[in-house]
Amino acid sequence: MRVIYRIFTTASYFLFATLESVPPPDDAGPTRQTHESHPQRLTVLTGTPVAGIIHLDRPSPAGYFVFPDLSVRHEGYYRLKFSLFEGLKDMNSDTGPETQGETAHVTNRLEVHSTVFLVFSAKRFPGLTESTALSRLIAEQGCRVRIRRDARVR
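Each residue of the sequence shown is one higher than the one before, counting from 1 in the numbering used here.
Everything labelled a hint here was simulated from the structure, so no lab data went into it.
Do not take every clue at face value.
As the list claims (entries may be wrong) - Below, a list of computed lysine to aspartate or glutamate pairs in the DMTMM-like style, where the Cα atoms sit at most 25 Å apart:
(1) Lys-123 / Asp-26
(2) Lys-123 / Asp-69
(3) Lys-89 / Asp-69
(4) Lys-123 / Glu-20
(5) Lys-81 / Glu-20
(6) Lys-81 / Asp-26
(7) Lys-81 / Glu-111
(8) Lys-81 / Asp-69
Unchecked claim - Label pairs and their in silico Cβ distance ranges:
(9) Ser-83 / Thr-46: 14 to 22 Å
(10) Glu-140 / Thr-107: 27 to 35 Å
(11) Gly-127 / Gly-87: 21 to 29 Å
Glycine is no exception: its CB is placed at the ideal position from the N, C-alpha and C atoms.
Produce the complete structure using the sequences and hints provided.
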């Protein structure tokens, strides 16, 4: 247990989200408008793309990264790429923690892609469902996450 505690006290973790456009699946059909009219690097992801680690007790004790306000502006097929970074303090330094010249290192530890998802235009949007059980658990533990009480279907 002491080793785990040392890792969490000497390192800080943060996750950076970026949006990648992907070709539509073969079964999308001709009626769906794809993302091809938008350049690959067009800024269509809005919200805060960086999240620090949050330690929560439920659903199981762990560190979580919460992105409560991410949204995509243009319809099409996308996936998110999550890059995990670790910031480490220099523990071999002879100076104490009070020293202004403390050195830190940031390392990219891992990259993971989400599954492909479809973003609808405002006209074709089918409506929102109720918030998930996981979203409710996160909100109950103090994270600022918007919770929807009932489904709104168009």
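Status of each hint after checking the structure:
no.	hint	result
1	Lys-123 / Asp-26	23 Å, holds
2	Lys-123 / Asp-69	21 Å, holds
3	Lys-89 / Asp-69	30 Å, violated
4	Lys-123 / Glu-20	23 Å, holds
5	Lys-81 / Glu-20	7 Å, holds
6	Lys-81 / Asp-26	22 Å, holds
7	Lys-81 / Glu-111	7 Å, holds
8	Lys-81 / Asp-69	16 Å, holds
9	Ser-83 / Thr-46: 14 to 22 Å	18 Å, holds
10	Glu-140 / Thr-107: 27 to 35 Å	33 Å, holds
11	Gly-127 / Gly-87: 21 to 29 Å	41 Å, violated
Hints 3 and 11 from the list above are not met by this structure, while the remaining hints are.
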